[in-house]
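Visitor: Residue-level listing of the chains:
Protein chains: 2
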Amino acid sequence: MNEIKQIFKIQHPIVQAGMIWTSGWRLASAASNAGCLGLIGSASMYPDVLREHIQKCKLALAAAPGKATEKPFGVNVALIYPDIEKVMNIIVEEGVKVVFTSAGDPKKWTGWLKEKGITVVHVVGSVKFAQKSEDAGCDAVVAEGFEAGGHNGREETTTMVLIPMVRQKIRIPLIAAGGIATGRQMLAALALGANGVQIGSRFAASEESSLHANFKRKITELNEGDTQLSLKKLVPVRLVKNKFFMDVQAAEDKGASPEELKNILGRARAKLGMFEGDLEEGELEIGQVSALLKEIKPVKQIVEEIVREYESAKREIASL
Amino acid sequence: MNEIKQIFKIQHPIVQAGMIWTSGWRLASAASNAGCLGLIGSASMYPDVLREHIQKCKLALAAAPGKATEKPFGVNVALIYPDIEKVMNIIVEEGVKVVFTSAGDPKKWTGWLKEKGITVVHVVGSVKFAQKSEDAGCDAVVAEGFEAGGHNGREETTTMVLIPMVRQKIRIPLIAAGGIATGRQMLAALALGANGVQIGSRFAASEESSLHANFKRKITELNEGDTQLSLKKLVPVRLVKNKFFMDVQAAEDKGASPEELKNILGRARAKLGMFEGDLEEGELEIGQVSALLKEIKPVKQIVEEIVREYESAKREIASL
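If you read the sequences in order, they're chains A and B. In case it helps, the working numbering puts the first sequence at residues 1 to 320. In case it helps, the working numbering puts the second sequence at residues 1 to 320.
Chain A with its partners taken away, still in its complex shape (with noise of 0.2 Å):
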């Protein structure tokens, strides 16, 4: 039996990223119900709406039909979130089984989520924080390549490398995420020793993310080449290469320095380009892999279509 549905009691070895603006209940919950883990994702949410949508998703999930037992959903947690401890006992007062914690030391916070019965899984770019995840007693890993959108790793290892990398090193189960959104990508994922994926940017370009319409548009029509690591000075970010990242990257090739950086990031950039759909000054943040993405579809056919790949793949490399 495969170990990341074991753990998370679920159809499919599949979660579904927990990502600021993006990953609301109406995700989450579509993500779970269709076989998947489905997470919230908490780093764009102030404490009380993120209770809303732990309560709402959990209605969502119980009056799903067919409903045979109950559908697991977890939280992602950025451990550099201001609030953190509002929002740790959130958690647990509304009974959250799952949290993903990321941008952080997994020390921090593994133990005591634990002591409460929550499974933990830390979200890592690098052997070395893998290792640490372990070590602090984490449930399960993703390591995440440097083709994934948003926040990532400096060492830039690929998910074709960083996955072998982290196999070899931890033995507690391994979630691979950068560049997956097909079948053939999560095959190819488990044969470098994946036990599941974590796909963020196919689901962004869901009917169910809370992604603002233009920008789901935009990631349609996104092409190879057009997104890009950007503010390698502060925290490197993946980012669409729009009039923000190029004003970006202009002061960049020109030697800007940390401060300069922060002052042209300013504030709330992610949310006026993701939430509010200003294309042009918002910070856009997506996966390589949205090239491959043409179409906005509702998550049920998203899974359907990973799967049905993933099973053709899977007998075809059989046959080789």
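For the record, the hints were derived by calculation from the structure and aren't laboratory data. Mixed in with the good hints there might be a few duds.
What the hints assert, rightly or not - To be clear about the criterion: a stretch of chain A counts as covered by chain B if any three or more of its residues have a C-beta under 8 Å from a C-beta of chain B, and this derived list gives those stretches:
#	region
1	154 to 165
2	283 to 291
3	306 to 320
Bear in mind that the values here come from a model prediction, so they are computed numbers and not experimental data. Each residue gets a CB set at the ideal place from its N, CA and C atoms; glycine is no exception.
Following the hints, position chain B against chain A.
Guide: For chain B alone, kept in the frame of chain A given last:
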């Protein structure tokens, strides 16, 4: 029957990359004798040196024990090479049957080579150039991801994303490159839709490669994050982060112009590092996957290990 094995009449769908300062007759003949397609890397050779390597490669293949049929081999030609006509004439005169071209327009030489009965493969880093290669009449394409060593595409598309994108757009056989050193990575590349793989770094770390012993030892000591794409204002190239790299980065961080970077680069930096073994001042080109390579081995053993791991991973995947 696998199309790559068919085109080149080889036992395994594996091409040994024709790398500068690395792939002489010793490496190419060893790879061909081990059932792969061996390639001589001509871009770091004077025309007369190339002729000598081709002749020695033919002798080494003819002298190999247990030789039943003629073993194939090829030459990699960078189309920006200044004495390109001389190189192409030598290839024809010496009866080479396979040419891999790179770094230039595939339309320039493909027709001329194919008239002479030569199989032509072009190396690309983007879908756009893969389509140009098919249009130019190439027999196959190598699509090389961001994680690959040496010169690299401006789109920074990783193997995980590039291979499915190229597969969608071309009908000719597709060879995946970048981040492939093991049997599991080979299986992942085929799962993504490639027909075969081109392997660079792993063969660079072989006994038969012509890299300086200092650099070979250095390769086995590299860890994650120890290579990075550099000189993006000139032609992007993946390098080991040594003193030369840090000098370039310091200049880039201060906003150095292309002219200033050209001055820092100077001439013959790759020869200095890769062939003469200056690990501080030389340019050291190697793939990200070098972080997985901990030992210098004979080519025969390398190929056996890759094929064994590939077969076992295939059985494992089939049973999922």
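Visitor: Flag every earlier hint the structure violates by its number, smallest first.
Guide: none
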